[in-house]
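Undergrad: Using the supplied hints, reconstruct the complex from the two chains, each of which is provided in its own coordinate frame.
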Amino acid sequence: SQQGEEDPQALSIQEGENATMNCSYKTSINNLQWYRQNSGRGLVHLILIRSNEREKHSGRLRVTLDTSKKSSSLLITASRAADTASYFCAPFHSNDYKLSFGAGTTVTVRA
Amino acid sequence: GAVVSQHPSWVICKSGTSVKIECRSLDFQATTMFWYRQFPKQSLMLMATSNEGSKATYEQGVEKDKFLINHASLTLSTLTVTSAHPEDSSFYICSSLGQAYTEAFFGQGTRLTVV
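Protein chains in written order, with the working numbering: chain R, 1 to 111; chain W, 1 to 115.
Just to be clear, a hint being listed does not mean it is correct.
Label-pair distances were calculated between CB atoms; the ranges are [as the list claims (entries may be wrong)]:
1. R:15 to W:52: 43 to 53 angstroms
2. W:64 to R:75: 19 to 29 angstroms
3. R:97 to W:26: 15 to 25 angstroms
4. W:61 to R:78: 36 to 46 angstroms
Just so you know, these hints were derived from the structure itself, not from any lab. Computed from a prediction, not measured in an experiment: that's the story for all the values here. Don't be surprised by glycine CBs; every beta carbon is placed ideally from N, CA and C.
Just chain W, same shape as in the assembly (with noise of 0.2 angstroms):
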């Protein structure tokens, strides 16, 4: 299947500072990603949908200027934690479906923890 890889897996950092994390499409072109967060024993929480190189759509309750999405390219997305606070710890998890639209493949995920 595809390939959707993840970077960095984990990261540790200050509040106030602010984290990228990189989702890329390996081996076919991603128009569409997706951006979840998923607390401890908890379900994936869609935080936005994000087209390649237009806007990304945010969910409802989710601040769309303190998590940057960028899909510059069919391969490339990121999401930028800015201004990181210690309730923004989180596992994040982006993912991609498939050019049949049959399935989404997902990243590794990101633990953000913040200090």
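So that you can see chain R by itself, here it is in the shape it has in the complex (with noise of 0.2 angstroms):
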């Protein structure tokens, strides 16, 4: 399997500001999905965003998706406290059903 590598490692926001995030990765997807992991928990999933759309929006979540580049952005608008997380993103193809991940950005929203 094949694992998002997310981009920066960590980033420190204001809270109303917005979030941005990468993921890079290296094959062929069906879809790709994004993930929030509070700490000491397990993952909730986000979104999830075809092969065949550029971009998609989930309430202040936008995501978009460049196959041509391979990548991946996670936009979080008006961040808030509860905002603060890791995210993951994890590139899927159903010749392999098996998530991998990277190490994810680690958000922190100060009040």
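TA: So this is what it looks like as structure tokens:
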């Protein structure tokens, strides 16, 4: 299975600001998924974008996908303290039903 | 969304003993479950893929005799850490792909401390 590589490793922003993180991967995908992990907890699925989609929105989340560059971005708008967490991307291909994760982006939202 | 329940959420055990962690899918049938291990401030490392009714597939470098995985039913997979050592102390997380294979559902994780 392939894993995504998130960038930056860490991000600290003020409440109300936007947070942007990027993900790069290496091989073809059916979809790419973003997950959030609060400290000491399991991962929670945030949003999925299919390989034929370029942009997707869900609430304050906006995800883009550029398959030609094998990259994706996650934007969290109007951040809140509750958004403080680690964020992981997971490229998925149906040839390999496994999700592997990179080091993630740790986002800290300051009040 | 679907619910995966992992138990216990934390456990402390003595060196040399074995610890069993359970992962249950509460409202769907999980043909496949995944077990991950996570060290502090690091990513999740996929340990093995557990398939109902068959032997688990272990990732390279993971000792199958140390980390015993059993997936006897469509709703339960277990990970047993045998003869635990302090270096096995970690956060273990299970997950299952949903039936549409479009997202994974994770357990709450188990914090294992071996003393």
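Undergrad: Now look at each hint and say whether the structure bears it out.
TA: Hint check results:
no. : hint                             : in the structure
1   : R:15 to W:52: 43 to 53 angstroms : 45 angstroms, holds
2   : W:64 to R:75: 19 to 29 angstroms : 41 angstroms, violated
3   : R:97 to W:26: 15 to 25 angstroms : 21 angstroms, holds
4   : W:61 to R:78: 36 to 46 angstroms : 42 angstroms, holds
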